[in-house]
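One line per chain: the protein sequences are A and B, in this order. The working numbering puts the first residue of the first sequence at 1, with every later residue one more than the last. The working numbering puts the first residue of the second sequence at 1, with every later residue one more than the last.
There could be a bad hint or two in this list.
Since the list gives no way to pick out one identical chain from another, each pair is judged satisfied if it fits inside one copy or across any two copies.
To be verified - Here are the simulated PhoX-like pairs of lysine-lysine, each with C-alpha atoms no more than 20 angstroms apart in a straight line:
no.	residue 1	residue 2
1	K13	K50
2	K197	K493
3	K484	K178
4	K39	K277
5	K169	K474
6	K277	K36
7	K317	K211
8	K13	K39
Hints were generated in silico from the structure; no laboratory data involved.
There are 2 protein chains.
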Amino acid sequence: MRKFYDELLGLFKEACILDEVNMFLYWDRDVTMPKKGGKQKAEQIALISKLEHERRINPRIGELLEIIRTHKDYENLSDLEKRNIFLIQRQYEKLVKIPADFVGEFSKQGVIASESWEKAKDQADFSIFQSDLEKMVEFNKKYAHYLNPEMDPYDVLLDFNEPGMNQEKFESLVNPLKEVIVPLIRKCSESDHQPNKSILTRKVPIEIQKKLNFDVLNVIGYDLDRGRLDETVHPFTTGNYDDVRITTKYFEDNFLSAVMSTMHEAGHGEYEHYVGKNGRYQPVGMWCSDGVHEGSARFYENIIGRSSSLWKYYFPKFKELTGDIFADVSLEDFVAVINKTEPSAIRVDADELTYDFHIILRFELERDLLNGKIEVKDLPAIWNEKMKTLLGYEVKNDAEGVLQDIHWSDGLMGSFTAYTLGNIFGAQIFDTLTNAMPDWEQQIEKGNLQEVLNWYRVNVFEKGNILDSYDLVKNITGQEVSSKYLADYLTTKYTKLYKLD
Amino acid sequence: MRKFYDELLGLFKEACILDEVNMFLYWDRDVTMPKKGGKQKAEQIALISKLEHERRINPRIGELLEIIRTHKDYENLSDLEKRNIFLIQRQYEKLVKIPADFVGEFSKQGVIASESWEKAKDQADFSIFQSDLEKMVEFNKKYAHYLNPEMDPYDVLLDFNEPGMNQEKFESLVNPLKEVIVPLIRKCSESDHQPNKSILTRKVPIEIQKKLNFDVLNVIGYDLDRGRLDETVHPFTTGNYDDVRITTKYFEDNFLSAVMSTMHEAGHGEYEHYVGKNGRYQPVGMWCSDGVHEGSARFYENIIGRSSSLWKYYFPKFKELTGDIFADVSLEDFVAVINKTEPSAIRVDADELTYDFHIILRFELERDLLNGKIEVKDLPAIWNEKMKTLLGYEVKNDAEGVLQDIHWSDGLMGSFTAYTLGNIFGAQIFDTLTNAMPDWEQQIEKGNLQEVLNWYRVNVFEKGNILDSYDLVKNITGQEVSSKYLADYLTTKYTKLYKLD
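Using the sequences provided together with the hints, build the complete structure.
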């Protein structure tokens, strides 16, 4: 049986390497490609994608799975090996259900929809995008139908992106969260202790910001012999194992943006650095789910990156690197302002406290669209209404409203939930971490981030995909997944920051 | 028949795109890859190479060729289409003769030999490399035998690298060349007018050199929207059509090295920019041969790049960019020193006049090795002896002697000749150019390089691979290929520079 197992893993590895090559072609497109190289790059990406897909639906995989699962020696496989078989089977069975023609048409419509979305966003006019979005919703419904015609289509999509996830589960997490956070946001906005926002718009020359961001990676311990930091329009992370590249974006009058996006991407990047412990290019040696990935990124960005402990250590160095710009700012004022909270229009710029409402809004709209409760044409009005009731924010136009995200135009539905799941997973894991390491704050204040991050690496990153996300979090924390850890974390943090006692 | 033709060209295109992806993976390895990413990159390169090779020897190609060539409508194909068929067939028939196992073993031994070569070179000790080189010679003999067991093995390899080339042809070019150049070198060395070599070692800060090299590309008209210039240990060019990337290497105490290597690689790069005129990703829309490629590079580097016309125009700008460093140098002294000639050890650093002797030496050694006239173990002694008789140079050790080039360790034999063929082709084409454009010098002196370079683009680059190299040169120049144009060019140039009259 060993030879069938090795053959199967060999086929899987080939698909992974093609994926690696493709990620890297995207990286080049966004970082190093000359201006006019786009057409050729698109052809390269299309070909490698096709070859990868062919490998993932190769009928030989089906044969090998059948041989192995019915083999008399199957039980002699280790748990990790069985998990590999299981994960390959789950992926294979999903992918073979989608007709190749449909994949092609879906992705073609995605290109068209992305173009009309961009135009619509530029002109802040949803009507330009409406009919293409209608098509994308239909494609998503069909996609879900191919995967499982028996199941509620939105549940199918949620499960596809995060195995085991469905509407009921997500609602059972976010409903109690809302109960806590709505009054918390209100109290913060009514507090007398408002941070000094003008600190954030002080101009910091890009050259200084670049040094600062590389230094931040140094503080985290991000290994630049196994990665890079570059600049792009939309920050992202790509690659795995010994070659993980992150990007950031610099604004002269918003230094915090690059610092926080670098920390966020470093969280994604470190995950990829350590995830192969159980076997590189094997399913168990890859990331677990979008939620766990996002949780890692937001752990690095928010829980560590915005902690007062980190800045107690790093603020003097920060001041030194930025010259006189922040000479008059106290540590307390700085920590307060990098954690300021206020209702705002744009998800990617939202603070830690209000962020999840942006996700809840999108979740509710996707759910109702796919279940036919609302229509695409009514989206802008419903969006604006929900922004008012959920966040108390008056949307000014479609560009800062329903058109702000690229996801739907790309064909992605059921993917936003990963951000909030990430916050929930991250806070719950952090709770376990603080119990396991009661002096974590003192360690970080001394500049020793490695003890905390190493705990996270060993307990989360190195586990790879040995369990689905809910089971993984339970395995790490000893508790069922719950949003109460996030609610507690935010309550404690914001009560202190806004002096709500 | 059209659909068979399209299918065939589609298969060819897929192999080309895989080659494009691979070139680009190599570029990343040498330019942007993080230090520890090498192992993963090697796996990516190995996989893409394998997929490309599979496509090139796909039996369907053989079937399609058979169908098309025997089809009643074959004669309706255009000449370009017929040429495409011919070129695909020629490549296919060669590649299918090489057993896949042999390809793997050859390339594995290449990795081993490259390592021992590097060690041998570091220690200037040929004996470390000897047994691996012996194996590489045997692999080359076998390779030639697979391709054509009836033909002299070195002729097979020469023809493989430059269709139509063989020992007799090459000797008939270089023997008359030697007759002219040997006395010319002697006269130059005996001349009273020796250039002031100290100019070349003046220190030019790397930052200034970078600006200078980008400016040189600007003068040439190299389109950086369709390419890049980066820094690497060994300069090279990679890519094609709208994405052609060149690299250079900066030495603080040898500014000329980077400038000339940038011009050289820009010649390669411009070739790739324009070569697709007759159809991108079709055989006719690709480079003709190594010799024509090298000829283009050396045309840009030597014939244009070291011309007094170019520097009459560019020297003031050069002085401006380099500040005070060359304030006291006259144009005449500058042109003299960038064209200085003297026997030297290292091929890649050799000047225009002595360069071909380095090639002739390698040609003679490869020929005698493959024909069994000499043995690997005797190579160092024969190398040193030939350097003395051909160039009057006393080799100090194996590192600057027989171990200087990477080619043999990589398994390449029969490839050095392309450099001298390039010089010969370039000079012959340049002769036609000067007849077609008698005022070329005045144009360049005015800074109008575009008229000359455009002539070259239209008459050489855009022709792609519509004819094999000898026929192409004959088609462009109206004359049979001959080394007399190179002999004349060098005689005129060096007679003037060294005032030999």
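Hint check results:
no. : hint        : verdict
1   : K13 / K50   : both (16 angstroms within a copy, 14 angstroms between copies)
2   : K197 / K493 : within (18 angstroms within a copy, 71 angstroms between copies)
3   : K484 / K178 : within (11 angstroms within a copy, 87 angstroms between copies)
4   : K39 / K277  : between (37 angstroms within a copy, 16 angstroms between copies)
5   : K169 / K474 : within (15 angstroms within a copy, 76 angstroms between copies)
6   : K277 / K36  : between (40 angstroms within a copy, 17 angstroms between copies)
7   : K317 / K211 : within (12 angstroms within a copy, 34 angstroms between copies)
8   : K13 / K39   : between (28 angstroms within a copy, 15 angstroms between copies)
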